[in-house]
Amino acid sequence: MPEMATKRKVFARLNDYFDRRAQARYAAEIKGDVLSSTPQKLFSDHYLGPNHPASNGGVFGLLLGGKLTPDHEKQKQRESMRSVMAEQEQAIRDQQALQMSNLGLVLQGMGLTPEQQRSYIEQYESAYELQLQQY
1 MPEMATKRKV
11 FARLNDYFDR
21 RAQARYAAEI
31 KGDVLSSTPQ
41 KLFSDHYLGP
51 NHPASNGGVF
61 GLLLGGKLTP
71 DHEKQKQRES
81 MRSVMAEQEQ
91 AIRDQQALQM
101 SNLGLVLQGM
111 GLTPEQQRSY
121 IEQYESAYEL
131 QLQQY
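The sequence shown begins at 1 in UniProt numbering and counts up by one.
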């Protein structure tokens, strides 16, 4: 009988560990969910936690304790930042193309000489280049 009680304790501890591990993984994947916001019991060792870099970097992460393991959250943030920057740059380019076509029409309507028109266009293009460099 004492063996049975010992086995039950071992299985209960294993069950508790795998349950906490699954809860921690779910909380990391689905941020802001009501189910993942319950108070959680922390892992006794960072190697046991599913979200610690030491347990996510394979053997390399395990040996170095997660010190040099890439952070996937930071990578996602960088990628989203790059896409936002690319969208903003494309919006600036689209706006510049539209303004260039409008500027050509306005300059023609003003009756300026071709040299004066080129001068205005060069000034606008230099301002546009400056705007891109600041961005």
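Don't read these hints as lab results, they were simulated from the structure.
Please note that a few of the clues may not be correct.
[Said to hold, decoys possible] Label-pair restraints from in silico Cβ distances: (1) E115 / Q75: 44 to 54 Å; (2) Y124 / R82: 21 to 31 Å; (3) L132 / S83: 12 to 22 Å; (4) E79 / Y17: 32 to 42 Å; (5) E29 / E129: 36 to 46 Å.
Heads up, the beta-carbon is just placed ideally off N, CA and C, and yes, glycines get one too.
Hint check:
With their beta carbons about 52 Å apart, E115 and Q75 fall inside the hinted range of 44 to 54 Å. Between Y124 and R82 the beta carbon distance is about 28 Å. The supplied range of 21 to 31 Å therefore holds. Distance hint check for L132 and S83: the Cβ-Cβ separation is about 18 Å, which falls inside the suggested range of 12 to 22 Å. Distance hint check for E79 and Y17: the Cβ-Cβ separation is about 33 Å, which falls inside the suggested range of 32 to 42 Å.
About 44 Å separates the C-beta atoms of E29 and E129, a value consistent with the hinted range of 36 to 46 Å.
When the structure is compared with the earlier hints, no violation turns up for any of them.
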